[in-house]
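K.L.:
One letter stands for each residue in the lines below.
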Amino acid sequence: MRIIAADSGGALLDERFEPTHVVCTVAVLVEPPYRYPPALLPEPAFCPADDSYPLLVRELELCRLLLESHEADVIHFDMSLRGIRLDELEMSELARLPERVRVKLMRIVPKLTFIASEMWASKGVPAIAIGKESVPVRIAELSCAAHAVLFSAEKALEEGRRLLLGLPTSCTVISSGSTLIARSLLPAEHDLMGFAKDEHGIMASVELKEALNPIARGFRMVEIRPKVS
Amino acid sequence: MRIIAADSGGALLDERFEPTHVVCTVAVLVEPPYRYPPALLPEPAFCPADDSYPLLVRELELCRLLLESHEADVIHFDMSLRGIRLDELEMSELARLPERVRVKLMRIVPKLTFIASEMWASKGVPAIAIGKESVPVRIAELSCAAHAVLFSAEKALEEGRRLLLGLPTSCTVISSGSTLIARSLLPAEHDLMGFAKDEHGIMASVELKEALNPIARGFRMVEIRPKVS
Amino acid sequence: MRIIAADSGGALLDERFEPTHVVCTVAVLVEPPYRYPPALLPEPAFCPADDSYPLLVRELELCRLLLESHEADVIHFDMSLRGIRLDELEMSELARLPERVRVKLMRIVPKLTFIASEMWASKGVPAIAIGKESVPVRIAELSCAAHAVLFSAEKALEEGRRLLLGLPTSCTVISSGSTLIARSLLPAEHDLMGFAKDEHGIMASVELKEALNPIARGFRMVEIRPKVS
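Protein sequence lines correspond, in order, to chains A, B and C.
Residues 1 to 229 in my numbering are what the first sequence lists, from first letter to last.
Residues 230 to 458 in my numbering are what the second sequence lists, from first letter to last.
Residues 459 to 687 in my numbering are what the third sequence lists, from first letter to last.
Any given hint might turn out to be false.
[To be verified] Listed next, the in silico BS3-like pairs over lysine-lysine satisfying Cα-Cα at most 30 angstroms (straight line): (1) A:Lys227 to A:Lys197; (2) A:Lys132 to B:Lys438; (3) A:Lys132 to B:Lys333; (4) C:Lys655 to C:Lys613; (5) C:Lys590 to A:Lys104; (6) A:Lys209 to C:Lys562; (7) C:Lys590 to C:Lys569; (8) C:Lys581 to C:Lys613; (9) B:Lys361 to C:Lys562; (10) C:Lys667 to B:Lys361.
[Stated by the list, open to error] A short, non-exhaustive set of chain C residues, derived as facing chain A with CB atoms under 10 angstroms: (11) Tyr492; (12) Pro496; (13) Arg641; (14) Asp649.
[Stated by the list, open to error] Some chain B residues well away from chain A (every beta-carbon gap over 12 angstroms; in silico): (15) Leu270; (16) Ile313; (17) Glu317; (18) Phe343; (19) Glu347; (20) Leu386; (21) Glu388; (22) Ile410; (23) Asp420; (24) Met422; (25) Gly430; (26) Glu452.
It is worth saying that the hints were derived from the structure and are not from the lab.
Yeah, the Cβ is synthetic: ideal placement off N, Cα and C, and Gly gets one too.
So here's chain A without its partners, still in its complex pose (with noise of 0.2 angstroms):
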């Protein structure tokens, strides 16, 4: 089977460790063994942290785009409603949501449907809401935090300033040559794995540092400092 799926993170943390700006949003293929992306689309967000939701719609929109150049038979998003159809979904299914979550969904839930419409009316091609138990999904997250170490890399270097980076739970990146790799920690994941091309050699002018994000267990942080030359 060959999926698509997308996801956002990458949080830029202030000096006590909370979420500013999400950093990025990726949409990738992933084929058997379901293991890594053969192709991805990653696109720069820095969106602020209270106000994420419209990032849903870009999710599920850079899933359309990859679905043009790529065949695919499903599309996981990443939105946890026990795997129904996005263009069969009611406001109904969203009754058992908590408030706050739920009158933000509801803006944006039309678009969804009618994105997820549109895939199925001219590919033949399901978005199901998935979620936390895709795989495809949590590789889209790994990818994500490569992108994210990028992204902020480049503009860690555009400001001339360090910046420190929140990664998604459970998961460390490290730099290699050309290729960012995003591994999970998780257990029964030790073989996912994400990636972003270093395409313009940023990643030879900034350090890395990881840390654990201390008031929040399981997650990583890396310091992205300038390098002084």
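On the provided structure of chain A, position chains B and C as indicated by the hints.
P.N.:
Relative to the frame of chain A, chains B and C by itself:
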């Protein structure tokens, strides 16, 4: 302490990775340091996944059988009811469970209390509903993983076709000589193991390919294919 | 950021693997990259496991003691109440907790707010109820694991008998020269550590055997036995 436990597991998957049949039941004897089973009693099941409650009765029967040839201090049963004794289990204990589960359990509870009472009367060994907190139950689950690969390989050869087997949560199986070894991938369980003996050299005639189940994070699956000679 | 945290842990187990006594309390100082404690303050407790709430007060007192000799920006307290400040803690915050827990907490809350207020007034350092989300609290827990082995070994020698020690969740302890090292076995915590110094060479006189606690998955235990000379 010598503990006997049992579990059922391994699931044949359809091409959408949904379980169709539960593959086997295994009872195990476990002794300090509680890492692997010095004695076990496996049995193929291939029971429909949507009607697998009768396997719970079979689990307790296999425990009783194993108890006939091996001494033990307690039976750990894979039902999570705060460790209450199965021979003292009353229907009212099930009140908090969801309707759907309760109805199915009510049909088998009389059989469970009967078998448990019998073991208590004849051997003085209590059976407790400790469920997922029990390490011996996990070792039974790992032993199911190993036997599920063996029994599914046998079936794949008989039927001359490829089978897709879903493993129990967070474990991996390797075939080494005449033994199949299942290891836990969960934190703090790196030294737990289950085994299956391949006495008829079945594994030499099949090819195994392990991958992640893309729609169920934490679960791995094995593609089993008869070797082309 | 410099963080002081404390925890109590390690549990003597009876022969049915049930906890009878909590072994010790340890306060730690943690600095970037938040992996191990450069300073710590341990204390044996051997407090009955069914009445261990007074240890929470002792944890905060040890934090205060450590704060007298070391600078810190914040105190992480092992109570999970969304990170609210202990000096501003009101009884109404406990309303959502289960009856049994609330009654016991209510007796110690006045003491906790008193100590927290004092630290805030004299040093300007707030104590927050961040609990299990805190990496420094986990490092304190690992340091309890290491000291629990040391203090239990001492007790086993004094009393000339075998003791069974339950370790905190998902960790393992090794004795290496004059140091006991506790490592986390949880995902994304592979680089966390706690320590204990064996200044009187106690570990040379005991034998350790680590096993899994068969009735509590994720928890390991250590059998400590005086060496026969």
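K.L.:
Check the non-interface label on Glu388 of chain B: least C-beta distance to chain A beyond 12 angstroms or not.
P.N.:
The assertion about Glu388 of chain B holds, with a minimum of 22 angstroms to chain A.
K.L.:
Was Asp420 of chain B rightly flagged as not at the interface, with every chain A Cβ beyond 12 angstroms?
P.N.:
Its Cβ never comes within 12 angstroms of chain A, the nearest being 14 angstroms, so this holds.
K.L.:
Does Lys333 of chain B lie within 30 angstroms of Lys132 of chain A when you go C-alpha to C-alpha?
P.N.:
It holds: about 29 angstroms lies between the C-alpha atoms, which stays within 30 angstroms.
K.L.:
Was the hint right that Arg641 of chain C lines chain A, CB cutoff 10 angstroms?
P.N.:
For Arg641 of chain C, the interface hint is violated, since the closest Cβ of chain A sits about 14 angstroms away, which is over 10 angstroms.
K.L.:
According to the definition I'm using, a residue is off the interface if its beta carbon is farther than 12 angstroms from all beta carbons of the partner; does Glu452 of chain B meet that for chain A?
P.N.:
violated (9 angstroms)
K.L.:
Does Lys562 of chain C lie within 30 angstroms of Lys209 of chain A when you go C-alpha to C-alpha?
P.N.:
Outside the cut-off at roughly 43 angstroms; violated.
K.L.:
Please work out if Lys132 of chain A and Lys438 of chain B have their alpha carbons no farther apart than 30 angstroms.
P.N.:
holds (24 angstroms)
K.L.:
So if I understand the rule, the pair passes when the alpha-carbon distance is 30 angstroms or less; does Lys361 of chain B with Lys562 of chain C pass?
P.N.:
holds (29 angstroms)
K.L.:
Over 12 angstroms from every CB of chain A: does Phe343 of chain B meet that, or does the non-interface label fail?
P.N.:
Holds: least Cβ distance 37 angstroms, greater than 12 angstroms.
K.L.:
Taking C-beta pairs only, is Ile313 of chain B more than 12 angstroms away from all of chain A?
P.N.:
Fine: 30 angstroms to the nearest Cβ keeps Ile313 of chain B off the interface.
K.L.:
Quick check on the hint: Asp649 of chain C CB to chain A CB, less than 10 angstroms?
P.N.:
Hint on Asp649 of chain C: holds, closest Cβ of chain A at ~8 angstroms, below 10 angstroms.
K.L.:
Holds or violated: is the Cβ of Ile410 of chain B farther than 12 angstroms from all Cβ atoms of chain A?
P.N.:
holds (16 angstroms)
In the structure shown, a violation is registered for the earlier hints numbered 6, 8, 12, 13, 26, in ascending order.
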